[in-house]
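Construct all of the structure, not just a fragment, from the sequences and the given hints.
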Amino acid sequence: DAKLQRFAEAVQQSYEKHPFHNFYHGFSVMQVAYVILRDTSASEYLTALDTLAVITAALCHDLAHPGVSNDYLIHTASPLALIYNDVSVLENHHARTTFELLQDPANNILSELSTEDYAQVRRVMISGILHTDMRHHIGSCERLRQVADKVASGALEHPFDVDKEADRQFLVDSVIHAADLSGQALQPDLARQWGERVLEEFKNQAAREAANNLPLTPFMQGLEDGYKRAKTQHTFVSYVLIPLWTAMADIFPELQVLSENVKVNQALYEEEMVDHQQAESVSPMAAGAHKTEKRTQSVNQAAMNQAKEHAPETDPANGSATPSRSQSFQHHRRQTPPLS
Numbered sequence: 056d057a058k059l060q061r062f063a064e065a066v067q068q069s070y071e072k073h074p075f076h077n078f079y080h081g082f083s084v085m086q087v088a089y090v091i092l093r094d095t096s097a098s099e100y101l102t103a104l105d106t107l108a109v110i111t112a113a114l115c116h117d118l119a120h121p122g123v124s125n126d127y128l129i130h131t132a133s134p135l136a137l138i139y140n141d142v143s144v145l146e147n148h149h150a151r152t153t154f155e156l157l158q159d160p161a162n163n164i165l166s167e168l169s170t171e172d173y174a175q176v177r178r179v180m181i182s183g184i185l186h187t188d189m190r191h192h193i194g195s196c197e198r199l200r201q202v203a204d205k206v207a208s209g210a211l212e213h214p215f216d217v218d219k220e221a222d223r224q225f226l227v228d229s230v231i232h233a234a235d236l237s238g239q240a241l242q243p244d245l246a247r248q249w250g251e252r253v254l255e256e257f258k259n260q261a262a263r264e265a266a267n268n269l270p271l272t273p274f275m276q277g278l279e280d281g282y283k284r285a286k287t288q289h290t291f292v293s294y295v296l297i298p299l300w301t302a303m304a305d306i307f308p309e310l311q312v313l314s315e316n317v318k319v320n321q322a323l324y325e326e327e328m329v330d331h332q333q334a335e336s337v338s339p340m341a342a343g344a345h346k347t348e349k350r351t352q353s354v355n356q357a358a359m360n361q362a363k364e365h366a367p368e369t370d371p372a373n374g375s376a377t378p379s380r381s382q383s384f385q386h387h388r389r390q391t392p393p394l395s
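When we follow my numbering, the leftmost residue of the sequence shown carries the number 56, and every step to the right adds one.
Misleading hints may appear alongside valid ones.
As the list claims (entries may be wrong) - In silico DSS-like cross-links for lysine-lysine, where the CA-CA straight-line distance does not exceed 30 Å:
hint	residue 1	residue 2
1	K72	K283
2	K318	K283
3	K72	K258
4	K283	K258
5	K219	K205
6	K72	K58
7	K205	K318
8	K286	K258
9	K318	K286
10	K258	K318
11	K72	K286
Stated by the list, open to error - Label pairs and their computed distance ranges (CB to CB):
hint	residue 1	residue 2	range
12	A132	M189	15 to 23 Å
13	R190	A262	20 to 28 Å
14	R61	M189	28 to 36 Å
15	D204	A266	46 to 54 Å
16	S169	L271	44 to 52 Å
17	A265	N140	24 to 32 Å
18	E171	L271	46 to 54 Å
19	G209	Q248	37 to 45 Å
20	E197	S96	17 to 25 Å
21	K58	D280	46 to 54 Å
22	S133	M189	15 to 23 Å
In short, the hints are calculated from the structure, not lab data. Even glycine gets a Cβ: it sits at the ideal position worked out from N, Cα and C.
Pasting the structure below:
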């Protein structure tokens, strides 16, 4: 469809070329959201309009990202912070930019919707994008855990009620938020690349903060040091990602492979921290060889474990191997666009 293609091109052009917050990130988030809807029961609790909103909002959730945080924009009294009164500055900016693109008839993929349906999709999309603000993260994880526990105990037969708009919206918000935080839920080689990119953006912001005498963001400081880089990633994975992806996988078991990837990457960052500590007592050349050997062994072992866990099922009709849903996620990961 020509209009869809023009919209996709307009979205790509609206993303800046930052190390992390770029079009590839937006595309990856959309792809993960799509696979979650395709390969779990999540889509059973959403309407067609909700699904349209999920995919579109996921693609556009970071449009025109300036490569710095909300706090940076607030501390610099940027025009965006003034427009949005210091409240979810980036997320409001992304949502507004999305609908500015849709105002162009050449890009408006929602033009065939009725007025009522358009208003519904717009509400769902705005909520989904605003929910990517990390200030909602703890509350979301707590609510997801409550849902998972109630399903496990039998208190709930189904995790969500498709007839309840609030349930559907929370599910939309959760799918987009999880997809947005899926970089470290990928296989180690891809997780490493996404992790290096976000740390590069943090370093850039830290330099700007120092140059402009702004309050320094603690976790963005000292990232030239290998130990600090590994510790920053390990902390993020341990306290932010594991609660989120464990709850998501408990609700939707097909996501277990992504939850396990998070734990594999957590272990790799922990090993890397140990490597940097040990390197202080050995020669630089020996430390480098030790680090490379240990990381290679860890990645290989993780791959072997996943291969055993997600071995092909056998089709009883012809005896051939058929991919499980977990394998579908693994295949999806191999198809992730290049990060350059």
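Ascending list of hint numbers which this structure does not respect: Nothing - there is no hint that the structure violates, so all of them hold.
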